[in-house]
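Enquirer: Under our numbering, the first residue of the sequence shown carries the number 1, and numbering increases by one thereafter.
Calculated from the structure, these hints are not laboratory results.
These numbers were taken from a predicted model, which means no experiment stands behind them.
The beta-carbon is built from N, C-alpha and C at its ideal position, and this holds for glycine as well.
Errors might be hidden in some of the hints.
[What the hints assert, rightly or not] Subject to a maximum C-alpha distance of 20 angstroms in a straight line, what follows is the list of computed SDA-like cross-link-like pairs (lysine to any residue):
(1) K44 / V62
(2) K44 / R58
(3) K44 / S65
(4) K44 / H57
(5) K52 / S39
(6) K44 / E63
(7) K44 / L32
(8) K53 / Y43
(9) K44 / A66
[To be verified] Taking CB as the label site, the calculated pair distances span:
(10) L68 / L48: 20 to 26 angstroms
(11) E109 / T56: 48 to 54 angstroms
(12) E67 / I27: 20 to 26 angstroms
(13) K52 / W23: 39 to 45 angstroms
(14) R58 / A94: 53 to 59 angstroms
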Amino acid sequence: MGGAYRSDQLLQYSSAKHKAMRWYRSIFYHFLDITTTNSFILYKEVCLSQQKKPMTHRAFIVELSAELCDNPVHTAPARAPAARLPVSIADVQAVSSSQRATTGRRRCEHFHIQGRRMMWPFVSYQG
Numbered sequence: 001m002g003g004a005y006r007s008d009q010l011l012q013y014s015s016a017k018h019k020a021m022r023w024y025r026s027i028f029y030h031f032l033d034i035t036t037t038n039s040f041i042l043y044k045e046v047c048l049s050q051q052k053k054p055m056t057h058r059a060f061i062v063e064l065s066a067e068l069c070d071n072p073v074h075t076a077p078a079r080a081p082a083a084r085l086p087v088s089i090a091d092v093q094a095v096s097s098s099q100r101a102t103t104g105r106r107r108c109e110h111f112h113i114q115g116r117r118m119m120w121p122f123v124s125y126q127g
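Using the sequences provided together with the hints, build the complete structure.
Expert: This is the structure in structure tokens:
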């Protein structure tokens, strides 16, 4: 007595409750919640009987909705390879100091006091 069913707990965790003007829409969403929760419970029982590790509830709902919509779940895109760094278009030393745009730029005070420059990996500094 006083206990909650597991399906009620799962319904509280992730529910598709919508405030609907029509009563039949509210009932439809409630039935949709119940069917997804019951299918997750059955899925977990099948996985445990086959000694497989089941998905989480959220992952199961995402996979189920993707299958019902006939749209596969897309994974995150792979990170760009490290070789795609910007390439310098001009040699810094070849440009005369009068043509460099340095008058309006601000410098980092910390490195300016120490007399150091910020080194960029895509610009070739010499000297």
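Enquirer: Hint by hint, note whether the structure agrees.
Expert: Outcome of the hint check:
With a C-alpha separation of about 15 angstroms, the suggested pair K44 and V62 falls inside the 20 angstroms cut-off, and the hint holds. Between K44 and R58, the direct Cα distance comes to roughly 13 angstroms. Compliance with the 20 angstroms bound is thereby established for this hinted pair. The hinted pair formed by K44 and S65 meets the criterion: a straight-line CA distance of about 17 angstroms does not exceed 20 angstroms. A C-alpha spacing of about 9 angstroms is found between K44 and H57, which places the hinted pair at or below 20 angstroms, so the restraint holds.
Taking the CA atoms of K52 and S39, the gap is about 17 angstroms. The hint holds against a cut of 20 angstroms. At roughly 14 angstroms between alpha-carbon atoms, K44 and E63 fall within 20 angstroms of each other, so this suggested pair holds. At most 20 angstroms may separate the alpha-carbon atoms for a hinted pair to count; K44 and L32 meet this at roughly 18 angstroms. For the suggested pair K53 and Y43, the alpha carbons sit about 11 angstroms apart, so the restraint of at most 20 angstroms is met.
Taken as a hint, the K44 and A66 pair is honoured in the structure, with Cα atoms around 19 angstroms apart against an allowance of 20 angstroms. The hinted range of 20 to 26 angstroms is satisfied by L68 and L48, whose Cβ atoms lie roughly 24 angstroms apart. Evaluation of the 48 to 54 angstroms hint for E109 and T56 yields a pass: the beta carbon distance comes to about 49 angstroms. For the hinted restraint 20 to 26 angstroms between E67 and I27, the CB-CB distance of approximately 24 angstroms keeps it satisfied.
The given range of 39 to 45 angstroms is respected by K52 and W23, whose C-beta atoms sit roughly 41 angstroms from each other. Separated by about 57 angstroms at the C-beta atoms, R58 and A94 satisfy the suggested range of 53 to 59 angstroms.
Comparing the model with each earlier hint shows no violations; every hint is respected.
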